[in-house]
Amino acid sequence: MKTIQKSVAAICAAYALVFFSACEKEAITTQKQVSEKIQTNESHLTAEETLLARIDMGKDGFVEFSQFPDGEVLAAGVLNKDVLPEAAGQLTPVQFYEALSHQAAPQQLKTAFAQAEANYTQAPMIQKEFVSEPAEENVPMMSASQFQSNYCNGGWDYLYCWVNRTGTSYVENYKFSMHTNASPYRGTIRHRLRYKSWGSWHTVRDFTLLQNQSDYIYSSGTWRTRESKVFEADGDGYHHCIRGTN
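Mapping of the sequence shown onto the numbering used here: residues 57 to 302, in sequence order.
Not one of these hints is a red herring.
Cβ pair distances, simulated, as ranges:
id	residue 1	residue 2	range
1	Asn209	Ala103	33 to 43 Å
2	Ser205	Ser157	17 to 27 Å
3	Pro180	Gln159	35 to 45 Å
4	Ser157	Thr259	20 to 30 Å
5	Gln164	Ala103	16 to 26 Å
6	His158	Met181	37 to 47 Å
7	Glu192	Ser99	34 to 44 Å
8	Asn194	Gln159	36 to 46 Å
Pairs of lysine-lysine residues, derived as BS3-like cross-links and limited to a Cα-Cα distance of at most 30 Å, are as follows:
id	residue 1	residue 2
9	Lys252	Lys166
10	Lys252	Lys184
11	Lys166	Lys115
12	Lys137	Lys166
13	Lys137	Lys115
The set of hints was computed from the structure by calculation and includes no laboratory data.
If you're wondering where the values come from, they're calculated on a predicted model, not measured in any experiment.
For glycine and all other residues, C-beta sits at the position ideal for the given N, C-alpha and C.
With the hints as constraints, model all of the structure from the sequences given.
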């Protein structure tokens, strides 16, 4: 068995650039990890990000606003559904900050968002889109209409809105922006946003969501292969929205 494991590891290492996604393993979340992450609201920034602003709402969650060296702007956090602004999915990071905090957004956030918007160009190339739609549950949930009202409005170049679902779901595409939200109405799920660079995946955010929570992820500012994925969700029930600009 050890010989086989070593052989698989060697193959993955040798062909990492081509088959990286097949070799990449996803860590299993333990209940202790879930508890610590939700209770502490610790920073989720990666080493390459610059923090622009942060809203910490204690037990109701948090949102961080940051910028990447290439001009990409990211707003991401986990919140209890009760504190979400109306039509949250239609708000820019500046508008979301002001709606959630009831204060004017910091100038550095306004400047970074304006720069990200100014970076828009036509797509330099076209790549195939990969979509895995989750299984639908025939169990009407009142939370579905609220989720759709918050996140599944039109006006986007692409939009996927899956409500009352279970199991794994994802969208992978080459886009200028990807905004995504997930919310479990039963159980606990993981929701991850990542992007591909030089054949390797880089995780931007990997949130563990509890029942009656929703995450908010807004990413825009440069052309990237992006993926929004809900997993560790077999037997759980959730809603998942992915939208953005070409």
